[in-house]
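Enquirer: Here's the letter readout for the chains.
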Amino acid sequence: MPGCADVASPAHLRGRSAELEVRGIHKSFGSVQVLCDVSFTVRHGEFVTLLGPSGCGKTTLLRILAGLEIADSGDVQLMGKSILPLPANQRPVNTVFQNYALFPHLTVFENVAFGLRARKVPGAEVTRRVNDALDMLQLEEYTKRYPHQLSGGQKQRVALARALVNEPDLLLLDEPMSALDAKLRAEVQIEIRRLQRKLGKTFILVTHDQDEAMTVSDRVMVMNRGRIEQAGTPTEVYEHPVSRFVAQFLGAANLIPAEASADGLVTPFGMMQARETPQWQQGTLAIRPERIRIHHEQPQRNFIHTDIRDVIYRGDHFEVFVNTGGLRVKTTPAERLRPGQQVWLELPPEHLEVLCD
Amino acid sequence: MENNSETKEPPGRQGRLMLWYGQLTTRRTLLLRGFAFSSIPALWLTLLLVAPTLVLAVVAFAQRSALGGDIDWTFSLRNFWSLLGYSSFGWSSAMLRIIGMSIFMAAVTTILCLLLAYPLAFFIATRRQGTRYLLLALIMVPLCTNLVIRTYGWQLLLMNQLPIAKLAVWLGLIGEGESLYPGWPAIFVGMVAGFLPFSVLPIYTNAERLDWSLVEAAQDLYSGRWRLFRHAILPQTTPGLAAAVILTFIPAMGTFVVSDILGLRKFMLIGNKIEQSFITARDIPSGSMTSMVLMLCTLVVLMAFRRYWTKSEVVG
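So the sequence lines, in the order shown, correspond to chains A and B. 1420 is the number of the first residue of the first sequence in the working numbering; add one for each residue after it. 95 is the number of the first residue of the second sequence in the working numbering; add one for each residue after it.
FYI, nobody ran anything at the bench for these hints, they're computed from the structure. Careful, some of the hints might be misleading.
[Claimed, not checked] Per label pair, the in silico range of CB-to-CB distance:
#1 V1451/A x G348/B: 34 to 42 Å
#2 M112/B x Y1732/A: 42 to 50 Å
#3 F399/B x R1547/A: 56 to 64 Å
#4 S1570/A x G318/B: 44 to 52 Å
[Unchecked claim] A few chain B residues that face chain A, going by a derived Cβ cut-off under 10 Å, partial list only:
#5 S307
#6 V309
#7 Y316
#8 S317
#9 R321
#10 Q330
[To be verified] The calculated DMTMM-like cross-link candidates involving lysine to aspartate or glutamate, where the alpha carbons are at most 25 Å apart (straight line), are:
#11 K1563/A x D305/B
#12 K1617/A x E1586/A
#13 K1563/A x E310/B
#14 K1620/A x E310/B
#15 K1749/A x D1630/A
#16 K1617/A x E1560/A
#17 K1563/A x E1544/A
#18 K1617/A x D1628/A
#19 K1539/A x D166/B
#20 K1500/A x E310/B
All C-beta atoms in this analysis are idealised placements derived from N, C-alpha and C, irrespective of residue type, glycine included.
Let's have the full structure, built from the sequences with the hints guiding it.
Expert: This is the structure:
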């Protein structure tokens, strides 16, 4: 399988110690293999996203880290110590649950104080720390409310405060924004990212929303069928996908079958040059729709002469479908194109990615 | 009739049109329909429950005629005072002891039932679907047999020479020469067996729909076992527990066959007292007064319980 999980971390984290080390995790439910040889490292203060479609094993992986699921084999080390033998209530790890799982019979204050009280932190300190956490998440006025008196966004903040007040070494977030509407979600994403930077804590977020993954994370791990298919910064993963799955799961991609030859790649549209030399004889190339350039005269290299089939208005851009190979192109609204028009498409070699499959 | 629009209603139309869950209708039609649907149950309840209770309340203040059986319609508080233990011979605590004993027996039965029903309900709720229905059916099946007959069954089972009694002696639950039957052990076995189904079912409905993510959250937040139960499980089952208490305590309060059969009529309960007044002594007013007081006692206990309950519970 492609992808090395431990690729370079973003600049501000380089040189930091590894906080979490996951090695060779396998997990099956009955005959269904959910996780297969999952290994990765997370640095201290890093915001990592596990991104993948439903059923890819991302939530199971998170639950193994939280201690809510047992791995069949493999090891999880936090600060150099294996945490797998510890039950969930002894791990220095806290979780923000998908449905928030707030205690309905407790006020916001008592919900946030729950973990501290369980660890018998003295009363005065509980009050101070809970109030700090509530301040940080702008929940001061809701202290005495019960969960059913809160909106979705407020509940989400309470769940976040309830986890963060314990100052965990590792914070796990299980699709915490999936219940929020699109506008609020976008706000919360930025808020969570800011919070994580401010606290310098290690966050691991599970999501199926690629925008969310791109917005918040230092590093994205794209999961498919129980494996980490590619890991890297959002730019790396988006710009240089390694497999067809990654190319298509993050944004849109044009996939072009190709064959290697001595002086380039043979595609159905003629000879092409790509960013790298492929390792295969037969395989796939990928290019993002917004990277294809449209010309009215013949360009130098990597071109396709075709006519336009459809032009769809998308507000901030036009989506253009051409008659050759079902290619999609994104253009700026300034460019006026008509169906039936003859154009040249240029596929710049620096954006033509060689996939491993 | 609500009508805040200034336009005149079209002639021939009975009131303003309104939407009722998507159906176009008028308020008047809805009221008529509601009345038609609820009139028979209302009539039933009025004739067969409210009216007799009112009659009972009136009769309670009348007197037994000198010959017995008939009612002497001179009203006084005599029945009430005699229920509290005052009679022409002075005060006796007998009646208070009967009431106390009844409350004691119903309360202990309820507590035992809850203690057994809680784990049982969770056991059933966590089985797979087919097994769940089978187990629930097994819990309900004894209800097909009358309580009296089941109680006679226990009488036979708990006899001194039989295995259960021998086992109890061997386990040291009762001393050598003591017996389960007749006595308190037998009475509580019979009572609990009789009322257990009524406490299992309401708790089961809560256990079945339990939100286990709260348990995981409690676990994630460093809870020990007690804390986990106290905050993640118990609050989710309070509605079921409340229903179980009501469904067990009320019938247990009035039951006397079990203590009669398994206690060999050694214990006088409020139920016995009522039966005695109506049937043996033929003192209908006194029986009515006792029934009234039983109802009021139960009502007071339940209201106190409910008050405490709603204070400690927040409906989510």
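Enquirer: Are the hints correct? Go through all of them and say.
Expert: Quick rundown of the hints versus the structure:
In this structure the supplied range 34 to 42 Å is violated for V1451/A paired with G348/B, their Cβ-Cβ distance being about 55 Å. Restraint check, M112/B to Y1732/A: a C-beta distance of roughly 44 Å satisfies the suggested window 42 to 50 Å. Distance hint for F399/B and R1547/A: a CB-CB separation of about 38 Å, inconsistent with the stated range 56 to 64 Å. Distance hint check for S1570/A and G318/B: the Cβ-Cβ separation is about 32 Å, which falls outside the suggested range of 44 to 52 Å.
Proximity of S307/B to chain A holds as hinted, the smallest CB-CB distance being about 4 Å (cut-off 10 Å). Interface hint status for V309/B: upheld, as the beta-carbon distance to the closest one in chain A is roughly 9 Å, under 10 Å. Taking 10 Å as the C-beta cut-off, the interface hint given for Y316/B holds, the closest approach to chain A being about 4 Å. With a cut of 10 Å, the hint placing S317/B at the interface with chain A holds, because the nearest CB-to-CB distance is about 5 Å.
For R321/B, the suggested interface contact is upheld, since its CB lies about 6 Å from the closest CB of chain A, less than 10 Å. The restraint placing Q330/B at the interface with chain A holds, with a minimum CB-CB distance near 8 Å, inside the 10 Å limit. Only pairs whose Cα atoms come within 25 Å are accepted, and K1563/A paired with D305/B is accepted, the gap being roughly 23 Å. Pair hint K1617/A plus E1586/A holds up; C-alpha atoms about 13 Å apart against a cutoff of 25 Å.
Restraint check for K1563/A and E310/B: satisfied, since their Cα atoms lie roughly 24 Å apart, inside the 25 Å limit. About 22 Å separates the Cα atoms of K1620/A and E310/B, which keeps this hinted pair within 25 Å; it holds. Distance hint between K1749/A and D1630/A is fulfilled; the C-alpha atoms sit about 18 Å from each other, no more than 25 Å. Among the hinted pairs, K1617/A with E1560/A is consistent with the structure: their alpha-carbon atoms are about 23 Å apart, no more than 25 Å.
Taking the CA atoms of K1563/A and E1544/A, the gap is about 18 Å. The hint holds against a cut of 25 Å. Note on K1617/A and D1628/A: the hinted pairing holds, with a Cα-Cα distance of about 24 Å set against a maximum of 25 Å. Note on K1539/A and D166/B: the hinted pairing is violated, with a Cα-Cα distance of about 69 Å set against a maximum of 25 Å. As the CA atoms of K1500/A and E310/B are separated by approximately 23 Å, the hinted pair is consistent with the 25 Å bound.
When the structure is compared with the earlier hints, violations turn up for hints 1, 3, 4 and 19 and for no others.
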